[in-house]
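Student: So you can see what is in the structure, the chains are spelled out below.
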Amino acid sequence: MRYLFPITIKEALEYVSSEKDSKFIAGGTDLINQISDGFITSQMLIDLSQIEKLKKIERTEEEFKIGAAVTLEDIASSKFLPQCLIQGAKSIGSPQIRNLGTIGGNICNASPCGDILTPIIVLGGKLVLISSYGKREISAEDFFIGPKKTIITGNEILTEIVFKKLFLSERNSSFRKIGKRNGQTISQVNVAIWVKKRGKDNEVEDIRVAVGSVAPIPLRLEKVEIFLKGRTIDQEILKDAMKVIDEQIKPISDVRASENYRRMVIGSLFQDAFKEIYK
Amino acid sequence: MIIEFTCNGEMKRADVPADMRAIDLIRDVLGLTGTKEGCGRGECGACTILLDGKPVSSCLLYAPKLNGRKVQTIEGITEKDGKLSPIQEAFIEEGAVQCGFCTPGMILSSKALLEKNPYPSDEEIEEAISGNICRCTGYTKIIKAIKSVSDKMDMGN
Chain A
397 MRYLFPITIK EALEYVSSEK DSKFIAGGTD LINQISDGFI TSQMLIDLSQ IEKLKKIERT
457 EEEFKIGAAV TLEDIASSKF LPQCLIQGAK SIGSPQIRNL GTIGGNICNA SPCGDILTPI
517 IVLGGKLVLI SSYGKREISA EDFFIGPKKT IITGNEILTE IVFKKLFLSE RNSSFRKIGK
577 RNGQTISQVN VAIWVKKRGK DNEVEDIRVA VGSVAPIPLR LEKVEIFLKG RTIDQEILKD
637 AMKVIDEQIK PISDVRASEN YRRMVIGSLF QDAFKEIYK
Chain B
283 MIIEFTCNGE MKRADVPADM RAIDLIRDVL GLTGTKEGCG RGECGACTIL LDGKPVSSCL
343 LYAPKLNGRK VQTIEGITEK DGKLSPIQEA FIEEGAVQCG FCTPGMILSS KALLEKNPYP
403 SDEEIEEAIS GNICRCTGYT KIIKAIKSVS DKMDMGN
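Each protein sequence line maps, in turn, to chains A and B.
Under the working numbering, the first sequence has 607 at position 211, and the numbering climbs by one with no breaks.
Under the working numbering, the second sequence has 373 at position 91, and the numbering climbs by one with no breaks.
There's no promise every hint is true.
Among the chain B residues that face chain A by a calculated CB cut under 8 Å, a handful are [said to hold, decoys possible]:
| no. | residue |
| --- | --- |
| 1 | M283 |
| 2 | D301 |
| 3 | G320 |
| 4 | G322 |
| 5 | G324 |
| 6 | G327 |
| 7 | K336 |
| 8 | L342 |
| 9 | S391 |
| 10 | S412 |
| 11 | K423 |
Which chain A residues face chain B? A few, computed with CB under 10 Å, are given here [as the list claims (entries may be wrong)]:
| no. | residue |
| --- | --- |
| 12 | T425 |
| 13 | S432 |
| 14 | D443 |
| 15 | S445 |
| 16 | G489 |
| 17 | S490 |
| 18 | R494 |
| 19 | I526 |
| 20 | S527 |
| 21 | S528 |
| 22 | I574 |
| 23 | G579 |
| 24 | Q580 |
Calculated directly from the structure, the hints in this document are not laboratory data.
Backbone N, C-alpha and C fix where the C-beta goes; we use that ideal spot for every residue, glycine too.
Using the sequences plus the hints, can you model the full thing?
Tutor: Encoded structure:
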């Protein structure tokens, strides 16, 4: 096996086209286990973690962007990124995992439980994919097509995630997760919410909601968003919202939790996340 | 593949397969067996090393990732004359060691914490060692030991 460190995206693309049995690696916290378990083999690992362009967090007039190779720890300790993103990153793995694992890796690994995925979706994140043919931008919510399946092709690199400035200035977001343990645990259910408030009361001008581990992909709950948009929130409305949530999700029973547990818990997590925003 | 890196302050050079894990390079090639393999999946923290000062699981790194980097293992944290570091002393003092298997990883995670945050709260200590599993002690004495190092540094000011 060959292990290569391209310094530029161009170099990385040259490597991937030179070897059919090649794989990109950044932190490797998921990939290395998949190789150890025999699910993946590779003749060439192309390590993207030394490409400076992929490690930047940038703010411009209109947008803020996170490089795909930014570590989860750097996101977790950010002083300005939206709260749901920080909370999501912080909840992944352990310090050891977060010091290696990257936002791009969590996205491309595409587990429906991925804790940074639902925050990215509610923040309207756009994924930038580069290949030797050019560049394309995909909405995060359209990127995932099944458990561990995305629309990325073998010759594409996820380079950055772009967010509109709005999601940074209206910093009302929250992320909640429950797992079997408090630390170093995979989500049994997770919820991310972003809200644009109106006025002093609990009025929702705009809202985005996404949930994880209750469907084959991290799921945006558009029906719940439509239900809550423009309303002044009280306990009754939240209760009704939970019914709408229950209709949209498709949880299964697996090693981590039963379907019933997931259905029970998601409502509480949603309320909890909501209450953090509307303290 | 030739890998060159600094390990505990010394330049090391090794010619190893590209898919040799860092933990195997450290233990079997360099003979530094203080770093332990608990799960081999990055879930227990026994294999924790400091990579450029940050705790990482050495069982999840292939050796090439160490190239050009600064590595510190448990062997590297004793003082130059062989004297134990304050964290190691505290662990002994507080009885924070039973079987000792988690201890190297615990100490390195603690060291990284105290360097970044010399006066951590209990919660911050728990978070810093949340990637190091101990099956023996119940963590109380470990947290006490870390706290005592911080308190000593505080009193010294």
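Student: Take the hints in turn and mark each one as holding or not.
Tutor: How the hints compare with the structure:
| no. | hint | verdict |
| --- | --- | --- |
| 1 | M283 | holds, 7 Å |
| 2 | D301 | holds, 5 Å |
| 3 | G320 | violated, 12 Å |
| 4 | G322 | holds, 7 Å |
| 5 | G324 | holds, 6 Å |
| 6 | G327 | holds, 6 Å |
| 7 | K336 | holds, 4 Å |
| 8 | L342 | holds, 5 Å |
| 9 | S391 | holds, 7 Å |
| 10 | S412 | holds, 4 Å |
| 11 | K423 | violated, 19 Å |
| 12 | T425 | holds, 6 Å |
| 13 | S432 | holds, 7 Å |
| 14 | D443 | holds, 7 Å |
| 15 | S445 | holds, 8 Å |
| 16 | G489 | holds, 7 Å |
| 17 | S490 | holds, 3 Å |
| 18 | R494 | holds, 9 Å |
| 19 | I526 | violated, 23 Å |
| 20 | S527 | violated, 25 Å |
| 21 | S528 | violated, 24 Å |
| 22 | I574 | violated, 16 Å |
| 23 | G579 | holds, 4 Å |
| 24 | Q580 | holds, 6 Å |
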